[in-house]
Amino acid sequence: MSSLLTTFRGELAALSAALIWALASVVYISLGQQLSPLRLNLIKGLIAIGFLLLTLLLQGKLLPHVSPTALGLLCLSGVIGIGFGDTAYFEALNCLGARRTLALESIAPPLAAVMALVFLQERLTVGAWLGIALTIAGVAWVVVERTTEATTQPQLCRGAGFGLLAALGQASGAVLSRAALAGTTIDPLWSAFIRLVAGGLVLLLWLLVQQRSAQTLNQDLKLLRSPRFLFILTGTAFASTYLAIWLQQISLKYTAAGIAQALSATSPLFVIPLAIALGEKVSPRAILGVLIALVGIWLLLSWK
Numbered sequence: 001m002s003s004l005l006t007t008f009r010g011e012l013a014a015l016s017a018a019l020i021w022a023l024a025s026v027v028y029i030s031l032g033q034q035l036s037p038l039r040l041n042l043i044k045g046l047i048a049i050g051f052l053l054l055t056l057l058l059q060g061k062l063l064p065h066v067s068p069t070a071l072g073l074l075c076l077s078g079v080i081g082i083g084f085g086d087t088a089y090f091e092a093l094n095c096l097g098a099r100r101t102l103a104l105e106s107i108a109p110p111l112a113a114v115m116a117l118v119f120l121q122e123r124l125t126v127g128a129w130l131g132i133a134l135t136i137a138g139v140a141w142v143v144v145e146r147t148t149e150a151t152t153q154p155q156l157c158r159g160a161g162f163g164l165l166a167a168l169g170q171a172s173g174a175v176l177s178r179a180a181l182a183g184t185t186i187d188p189l190w191s192a193f194i195r196l197v198a199g200g201l202v203l204l205l206w207l208l209v210q211q212r213s214a215q216t217l218n219q220d221l222k223l224l225r226s227p228r229f230l231f232i233l234t235g236t237a238f239a240s241t242y243l244a245i246w247l248q249q250i251s252l253k254y255t256a257a258g259i260a261q262a263l264s265a266t267s268p269l270f271v272i273p274l275a276i277a278l279g280e281k282v283s284p285r286a287i288l289g290v291l292i293a294l295v296g297i298w299l300l301l302s303w304k
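Everything in the sequence shown is counted per full-length UniProt numbering, starting at 1 for the first residue and increasing by one.
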């Protein structure tokens, strides 16, 4: 069992991150109705940085040896993937809802695989490419099954634009992280910390250049002083940013970028058993989509 966990630790970490993101997406839709995407992204990042710093202190992993090249790649990954990519993702969620946004996110894994092939010469087997295709096809089949979100044409166009930017940001961030982590001794915990700090700094600068009214700032402070809101936001940030990004960095260190992204994109699949457990009716189409994706996941796990 331990040898299997070691062999597939990257893939299992990606699937674990997907499970966390599936649950967190529902909460973020509610939080996004009260805070703008930019402020929500910044605050959740600051909370996660605090948790990561505490973990590093407890583990005694301070001041690691990180080459300037790797540090630059991780900082750039944080700026693109977390600073811009996650903000665009939250904006897309507000405009399109979870299903349509996740459908657009399906282009991130093949995009990451192609970018890794071009820039990192990371070649995958035919079986791995087929696994990526089947996994994403199954996820997309589940996601676009039905759409209950009412969306106006301007919202649709705006949401589609931000969804595509989010997918590009996630793919680029993943490839940059993979370039920094592959074949090095950098701890995934430290890489997650560096990415979040870089992303947080660009978000803070972005927020400072925006002209915010005193009334808006007072509303934000009042909201953050609400114990219930702060508890929900802290808990969600702990799971989706602290744990999930740490797991994502583990996956990118120990498996190919395209495979890590494909497995991380399986979040919608985890909603199906949850819906069944809650007594909701799940269509045969959704179950078929899950089965297709599971075949793809099996191919991705067997590519080694």
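Calculated directly from the structure, the hints in this document are not laboratory data. Positions of the beta carbon are idealized from the N, C-alpha and C atoms, including for glycine. A couple of the hints might just be wrong.
[Said to hold, decoys possible] For each label pair, taking beta carbons as the anchor points, the in silico distance ranges come out as:
(1) W206 - L230: 17 to 25 Å
(2) L208 - G127: 42 to 50 Å
(3) L208 - L156: 46 to 54 Å
(4) R9 - P284: 45 to 53 Å
(5) L204 - L54: 30 to 38 Å
(6) K281 - V126: 36 to 44 Å
(7) V282 - G161: 25 to 33 Å
(8) G279 - L224: 49 to 57 Å
(9) G127 - Q34: 22 to 30 Å
(10) T185 - L53: 15 to 23 Å
Run the structure past the numbered hints and jot down the numbers of the failing ones, going up. Violated: hints 3, 4, 5, 8 and 9.
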